[in-house]
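Top line first, the protein sequences correspond to chains A and G. Numbering-wise, my numbering comes out as the position in the first sequence, counting from 1, plus 8. Numbering-wise, my numbering comes out as the position in the second sequence, counting from 1, plus 234.
Derived by calculation from the structure, the hints in this document are not laboratory data. Quantities reported herein were computed from a predicted structural model and do not represent experimental measurements. Watch out, some of these pointers could steer you wrong.
List time: in silico EDC-like cross-link candidates among lysine to aspartate or glutamate, alpha-carbon distance up to 20 angstroms [claimed, not checked]:
| hint | chain 1 | residue 1 | chain 2 | residue 2 |
| --- | --- | --- | --- | --- |
| 1 | A | K106 | G | D285 |
| 2 | A | K50 | G | D287 |
| 3 | G | K278 | G | E291 |
| 4 | G | K272 | A | E47 |
| 5 | A | K79 | A | E47 |
| 6 | G | K286 | G | D311 |
| 7 | A | K106 | G | E334 |
| 8 | A | K79 | A | D57 |
| 9 | A | K76 | A | D63 |
| 10 | A | K106 | G | D287 |
| 11 | G | K278 | A | E47 |
| 12 | G | K278 | G | D293 |
| 13 | A | K64 | G | E334 |
| 14 | A | K106 | G | D293 |
| 15 | A | K106 | G | E291 |
| 16 | G | K272 | G | D293 |
| 17 | G | K272 | G | D319 |
| 18 | A | K106 | G | D330 |
| 19 | G | K278 | G | E334 |
| 20 | A | K50 | G | D319 |
| 21 | G | K272 | G | D311 |
Here are the simulated distance ranges between beta carbons [as the list claims (entries may be wrong)]:
| hint | chain 1 | residue 1 | chain 2 | residue 2 | range |
| --- | --- | --- | --- | --- | --- |
| 22 | G | D296 | A | P90 | 43 to 49 angstroms |
| 23 | A | E23 | G | D330 | 37 to 43 angstroms |
| 24 | G | K286 | A | P90 | 41 to 47 angstroms |
| 25 | A | I28 | G | I239 | 31 to 37 angstroms |
| 26 | A | R69 | G | D296 | 40 to 46 angstroms |
| 27 | A | N61 | G | P295 | 34 to 40 angstroms |
| 28 | G | K272 | A | F54 | 21 to 27 angstroms |
| 29 | A | G67 | G | S256 | 28 to 34 angstroms |
| 30 | A | S118 | G | P242 | 32 to 38 angstroms |
| 31 | G | S256 | A | R59 | 30 to 36 angstroms |
| 32 | G | K272 | A | Q68 | 27 to 33 angstroms |
| 33 | G | S314 | A | P90 | 41 to 47 angstroms |
| 34 | A | G91 | G | K286 | 39 to 45 angstroms |
| 35 | G | V346 | A | Q68 | 39 to 45 angstroms |
Note that beta-carbon positions come from the ideal geometry of N, C-alpha and C, so glycine has one too.
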Amino acid sequence: GESVGLHLPTLSVQEGDNSIINCAYSNSASDYFIWYKQESGKGPQFIIDIRSNMDKRQGQRVTVLLNKTVKHLSLQIAATQPGDSAVYFCAENTGFQKLVFGTGTRLLVSP
Amino acid sequence: DAMVIQNPRYQVTQFGKPVTLSCSQTLNHNVMYWYQQKSSQAPKLLFHYYDKDFNNEADTPDNFQSRRPNTSFCFLDIRSPGLGDAAMYLCATSRDTGAEAFFGQGTRLTVV
Numbered sequence: 009g010e011s012v013g014l015h016l017p018t019l020s021v022q023e024g025d026n027s028i029i030n031c032a033y034s035n036s037a038s039d040y041f042i043w044y045k046q047e048s049g050k051g052p053q054f055i056i057d058i059r060s061n062m063d064k065r066q067g068q069r070v071t072v073l074l075n076k077t078v079k080h081l082s083l084q085i086a087a088t089q090p091g092d093s094a095v096y097f098c099a100e101n102t103g104f105q106k107l108v109f110g111t112g113t114r115l116l117v118s119p
Numbered sequence: 235d236a237m238v239i240q241n242p243r244y245q246v247t248q249f250g251k252p253v254t255l256s257c258s259q260t261l262n263h264n265v266m267y268w269y270q271q272k273s274s275q276a277p278k279l280l281f282h283y284y285d286k287d288f289n290n291e292a293d294t295p296d297n298f299q300s301r302r303p304n305t306s307f308c309f310l311d312i313r314s315p316g317l318g319d320a321a322m323y324l325c326a327t328s329r330d331t332g333a334e335a336f337f338g339q340g341t342r343l344t345v346v
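Please take these sequences and the hints and turn them into a complete structure.
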């Protein structure tokens, strides 16, 4: 079956540190991946995406890395801020019109 | 400006009483998704429409139905809500498969 999972349920960092959130996926046919940020009581918010023909993509303070060999992607947040505190999900487009979400990692940023 | 709008934000319904949640979009996207999200869990896909084509997930209970009367609107009908159906229900749209999905703010359903 299809599954997208995360290694760590909670990540605690200090303000200003860099954060790395990891995600493993199992469907080798997946060709598109998205990272979402979800704050309490709100819908998921798009952060960054990457297609399977790339291994790295950068945005503002965020970088996504994709390693297709081991079916792993990561989200790096530079200079983490208290406003980054949220739950982060990776999502996988399996090619069957499905967007499947991983378990989620809660990021806690302390001042 | 909100592009995917879900109404209401909070819904309380009685056990067994049919309830409908609504979603509208201003993006003119082809695909509309409904997800169920329980506390501290990932959103779980219930079904989606690609234009008028309905795609149900294999493990979505028959209690959950959906309608998409036009491009802009999509409804989630729960025919006989049980206590286990209490959750956040998220609507999302995307231009096409393999494209970014935009989410609404969700409707939190309470079953009493």
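Outcome of the hint check:
Among the hinted pairs, K106(A) with D285(G) is consistent with the structure: their alpha-carbon atoms are about 14 angstroms apart, no more than 20 angstroms. Proximity of K50(A) to D287(G) is assessed by CA-CA distance (about 28 angstroms); at most 20 angstroms being required, the pair is judged violated. Among the hinted pairs, K278(G) with E291(G) is consistent with the structure: their alpha-carbon atoms are about 10 angstroms apart, no more than 20 angstroms. A threshold of 20 angstroms between alpha carbons decides the hint, and for K272(G) with E47(A) the separation of about 14 angstroms falls inside it, so the pair holds.
Of the pairs offered as hints, the one joining K79(A) and E47(A) is violated, with about 27 angstroms between alpha carbons and a cut-off of 20 angstroms exceeded. Pair hint K286(G) plus D311(G) holds up; C-alpha atoms about 17 angstroms apart against a cutoff of 20 angstroms. At most 20 angstroms may separate the alpha-carbon atoms for a hinted pair to count; K106(A) and E334(G) meet this at roughly 12 angstroms. The hinted pair formed by K79(A) and D57(A) meets the criterion: a straight-line CA distance of about 15 angstroms does not exceed 20 angstroms.
In summary, the hint linking K76(A) to D63(A) is supported, as the alpha carbons are separated by about 8 angstroms, within the 20 angstroms threshold. Proximity of K106(A) to D287(G) is assessed by CA-CA distance (about 14 angstroms); at most 20 angstroms being required, the pair is judged to hold. For the hint pairing K278(G) with E47(A), the CA-to-CA distance comes to about 17 angstroms; that is within 20 angstroms, so the pair holds. For the proposed pair K278(G) and D293(G), the alpha carbon gap of about 10 angstroms is at most 20 angstroms, so the pair holds.
Between K64(A) and E334(G) the CA atoms are separated by roughly 17 angstroms; this keeps the pair inside 20 angstroms, and the hint holds. Of the supplied pair hints, the one linking K106(A) and D293(G) holds, its CA atoms being roughly 14 angstroms apart against a limit of 20 angstroms. Of the supplied pair hints, the one linking K106(A) and E291(G) holds, its CA atoms being roughly 9 angstroms apart against a limit of 20 angstroms. For the proposed pair K272(G) and D293(G), the alpha carbon gap of about 16 angstroms is at most 20 angstroms, so the pair holds.
About 9 angstroms separates the Cα atoms of K272(G) and D319(G), which keeps this hinted pair within 20 angstroms; it holds. The hinted pair formed by K106(A) and D330(G) meets the criterion: a straight-line CA distance of about 11 angstroms does not exceed 20 angstroms. Annotation: proposed proximity of K278(G) to E334(G) holds, straight-line Cα distance about 17 angstroms (limit 20 angstroms). At most 20 angstroms may separate the alpha-carbon atoms for a hinted pair to count; K50(A) and D319(G) meet this at roughly 19 angstroms.
Proximity of K272(G) to D311(G) is assessed by CA-CA distance (about 18 angstroms); at most 20 angstroms being required, the pair is judged to hold. The given range of 43 to 49 angstroms is respected by D296(G) and P90(A), whose C-beta atoms sit roughly 44 angstroms from each other. Our hint of 37 to 43 angstroms for E23(A) and D330(G) holds, since their Cβ atoms are close to 39 angstroms apart. A hinted range of 41 to 47 angstroms holds for the C-beta pair K286(G) and P90(A), which are about 45 angstroms apart.
Under the hint 31 to 37 angstroms, the C-beta atoms of I28(A) and I239(G), about 34 angstroms apart, fit the expected range. Taking 40 to 46 angstroms as the suggested C-beta distance range, the pair R69(A) and D296(G) conforms, at roughly 45 angstroms. Against the hinted window of 34 to 40 angstroms, the Cβ-Cβ separation of N61(A) and P295(G) comes to about 38 angstroms, which satisfies the hint. At about 22 angstroms, the beta-carbon gap between K272(G) and F54(A) stays in the expected band of 21 to 27 angstroms.
The supplied range of 28 to 34 angstroms is met by G67(A) and S256(G), whose beta-carbon atoms lie about 32 angstroms from each other. At about 35 angstroms, the beta-carbon gap between S118(A) and P242(G) stays in the expected band of 32 to 38 angstroms. For the pair S256(G) and R59(A), the beta carbons lie near 33 angstroms from each other, so the given range of 30 to 36 angstroms is met. A hinted range of 27 to 33 angstroms holds for the C-beta pair K272(G) and Q68(A), which are about 32 angstroms apart.
As the Cβ distance of S314(G) to P90(A) is approximately 43 angstroms, the hint placing it in 41 to 47 angstroms holds. Distance hint for G91(A) and K286(G): a CB-CB separation of about 40 angstroms, consistent with the stated range 39 to 45 angstroms. For the hinted restraint 39 to 45 angstroms between V346(G) and Q68(A), the CB-CB distance of approximately 44 angstroms keeps it satisfied.
The structure fails hints 2, 5 (numbered hints given earlier, in ascending order).
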